[in-house]
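Quick note, the sequences are listed as chains A and B, same order.
If you're matching positions, the first sequence starts at 1 in UniProt numbering and goes up one per residue.
If you're matching positions, the second sequence starts at 1 in UniProt numbering and goes up one per residue.
The list makes no distinction among identical chains, and a pair is therefore deemed to hold if it is satisfied within one copy or across any two copies.
The calculated lysine to aspartate or glutamate pairs, modelled on DMTMM-like cross-linking and capped at a C-alpha distance of 25 Å, are:
(1) 55 <-> 286
(2) 258 <-> 29
(3) 258 <-> 90
(4) 55 <-> 285
(5) 30 <-> 59
(6) 258 <-> 75
(7) 30 <-> 345
(8) 30 <-> 92
(9) 30 <-> 75
(10) 292 <-> 59
(11) 258 <-> 228
(12) 292 <-> 374
(13) 258 <-> 3
(14) 30 <-> 346
(15) 55 <-> 29
(16) 292 <-> 183
In short, the hints are calculated from the structure, not lab data.
Fair warning: this is a prediction, and the values are worked out from it, not measured in the lab.
2 protein chains.
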Amino acid sequence: MSDLLAAVTTAARATPVSGIISAVNHGRDKPGLIPLWAGEGDLPTPRIIAEAAAKALYDGATFYTHQRGIPPLREALAAYYERQYGRPFDPDTFFLAGSGMQAIQIAIALSVGAGGEILVPTPAWPNVTGAASVIGATAVPVAMREEGGRWHLAVEDLAAAITPATRAIFLNSPANPTGWTADLATLQAILELARARGLWIIADEIYARFVWTGAPRAPSFLDIAEPDEKILYVNTFSKNWAMTGWRMGWLHAPLALKQTIENLIQYSTSGVAEFMQRAGVVALEESEWFVKRSIERARRGREVVSAAFAGNNRVTFAPPDGAFYAFFRVDGLGSSREAAFRLIDEALVGTAPGTAFGGIGEGFVRICFLRSEDSLTQAMQRITRFLDN
Amino acid sequence: MSDLLAAVTTAARATPVSGIISAVNHGRDKPGLIPLWAGEGDLPTPRIIAEAAAKALYDGATFYTHQRGIPPLREALAAYYERQYGRPFDPDTFFLAGSGMQAIQIAIALSVGAGGEILVPTPAWPNVTGAASVIGATAVPVAMREEGGRWHLAVEDLAAAITPATRAIFLNSPANPTGWTADLATLQAILELARARGLWIIADEIYARFVWTGAPRAPSFLDIAEPDEKILYVNTFSKNWAMTGWRMGWLHAPLALKQTIENLIQYSTSGVAEFMQRAGVVALEESEWFVKRSIERARRGREVVSAAFAGNNRVTFAPPDGAFYAFFRVDGLGSSREAAFRLIDEALVGTAPGTAFGGIGEGFVRICFLRSEDSLTQAMQRITRFLDN
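Could you put the whole structure together from the sequences, leaning on the hints where they help?
See below:
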């Protein structure tokens with residue numbers, strides 16, 4: 001280790017390399033590769049949203065603005081929530097952030113803090129663990145149970161992991177990478193556990209619209225919790241509106257935290273570009289057609305993957321209940337990392353190793369199926385042909 | 001305090017309200033007010049930069065991208081530094097961040113960490129203290145010395161403030177709000193102090209181009225330090241290119257920290273929008289004319305303020321050596337906060353209270369003079385007429 005690296009803080013040095021980014025960095029420039037490694041589709045942001053940002057740029061919306069978000073966008077979020085959850089919301093309970101990632105970082109700073117522990121059902125998107133690490137908090141993995149490629153969280157496992165240092169439960173449902181989608185009874189049990197033990201819940205429901213159980217959206221803590229519960233909802237424009245590259249997300253949180261959250265935003269990124277926020281209004285108010293289109297693409301993508309893996313005796317895979325990932329086990333390709341990198345190098349399909357989502361993901365590989373049917377079909381042919389050889 | 005607020009972490013709860021934002025929130029909607037409270041000019045981002053972002057948006061640069069910044073932008077930064085400092089720089093020593101603020105937050109996480117102390121010459125932009133607070137670090141103010149409205153940092157005061165917990169020195173030169181601009185001998189003394197005591201330096205040189213001593217730019221640690229010193233340079237597109245609202249900044253740091261900084265970016269905001277980064281290339285490579293124009297506006301603004309305050313026996317003011325703020329004391333308007341708020345309410349000029357920059361700023365008020373001569377002349381007439389009554 002260089003002297004300089006030795007001189008940085010232990011927390012910074014301990015912050016792990018993202019296994020997803022490692023895969024992307026490994027294969028980024030491979031000609032002809034079909035990239036299924038990241039949590040994004042193949043469509044750019046809808047033109048109507050891009051145009052709103054461009055217009056705002058030309059109109060000079062390039063100055064400092066409201067730290068919590070411009071009022072029209074917070075109002076549009078409240079209206080969107082009312083459409084989704086069937087009751088009114090206060091615009092002052094919404095806080096714009098420079099990505100869903102930043103919303104999570106703020107939520108962990110609010111609820112966990114240095115020295116605290118947060119329970120994370122695992123396999124899990126690795127950035128929650130990373131964000132905890134940055135501020136000296138500890139993400140404690142709670143192993144989900146798996147059978148035949150189908151994962152679920154047992155609430156008793158969550159309860160058993162609570163220690164005196166536990167401050168919060170991170171709940172991502174529908175879940176990345178497993179697709180596990182909690183039913184209302186499970187959410188209710190988790191809420192009661194959190195209440196009984198005085199814990200915060202950080203609810204990551206960013207895939208709520210992508211659900212394959214027949215329901216119009218996934219069950220949410222918003223369906224069962226009181227308005228002033230210790231729940232911090234983190235969300236993003238990334239997935240619904242193909243805005244992964246924009247870095248714009250939000251928190252929905254109790255009104256009592258308004259000034260504290262504004263302060264945390266002020267001292268981390270000092271808000272989100274107004275020209276992006278104005279485009280966010282157009283996403284929420286005029287781009288529902290695109291969300292529906294994306295959901296249909298993902299639904300079809302799930303079918304393509306399921307058909308490709310059906311009867312393949314080297315692959316263990318169960319079609320997920322939610323989100324837009326296939327998380328599958330492959331026999332005979334070596335470790336997760338070897339499997340993912342061989343699929344990148346030899347099948348020219350960008351995949352993420354299961355171990356990027358925690359040690360429990362060993363043996364698994366993740367692909368994203370939010371993609372055109374043609375491209376995804378080609379990718380699945382590459383994968384299955386490679387596995388057949 | 002509500003139960004919910006009582007349940008958040010001590011660090012989050014202790015994070016202070018920005019005194020600048022308080023002033024802005026107080027006066028934001030006052031009709032006819034001339035806003036001089038924030039660190040930004042009155043010109044929007046140049047059209048050529050906005051057009052580059054719009055074009056990139058239409059071209060679909062809306063996907064996840066390089067966490068450290070796209071190569072063309074890091075190369076453009078290296079070339080810009082070569083033009084400014086007269087020697088080559090490695091593009092891999094530049095790291096894009098979602099604002100200069102985030103660059104500071106990352107720098108503090110790298111060098112100070114929870115429980116550590118960072119020395120901050122004060123009066124100082126309050127966000128450094130805020131960013132330290134968020135991660136459980138402590139910003140220790142080091143009082144600058146003042147005479148007749150002219151401030152300077154005595155290196156012996158810095159040395160005297162070092163404790164076993166000290167990890168870093170934050171040095172902002174030219175300084176906000178005081179305009180103090182360290183000469184090379186002072187920078188050398190600070191560098192030697194940091195070397196001798198094993199401290200990091202976080203160098204905030206964002207106002208380097210705005211200097212009124214006759215020099216083409218302010219002296220920099222880059223003029224005297226070795227490439228692999230424990231120095232983290234934080235910077236931003238905000239000031240030079242009127243991009244305050246964009247939230248785009250960068251770090252320049254030793255190559256050995258490359259992966260660690262990439263990880264910290266990954267787990268805080270996961271990078272900067274590619275369409276903004278492409279516009280950043282145009283800022284660096286094709287918009288030097290605008291920087292020169294802004295410098296000229298600020299130079300003229302400094303003269304307008306100096307002329308308006310000359311001979312005013314209620315005002316203590318010394319024209320600053322650098323940056324674009326007038327930091328002045330007013331007699332007989334009550335506390336700093338009262339003075340700033342009365343200037344907002346009664347003179348219709350947006351000002352920031354001196355105490356926003358630390359207790360040592362009591363009695364002072366800050367205004368930004370990067371503004372059209374007409375508007376600034378009008379603002380100064382309002383202030384001086386109000387003070388004459």
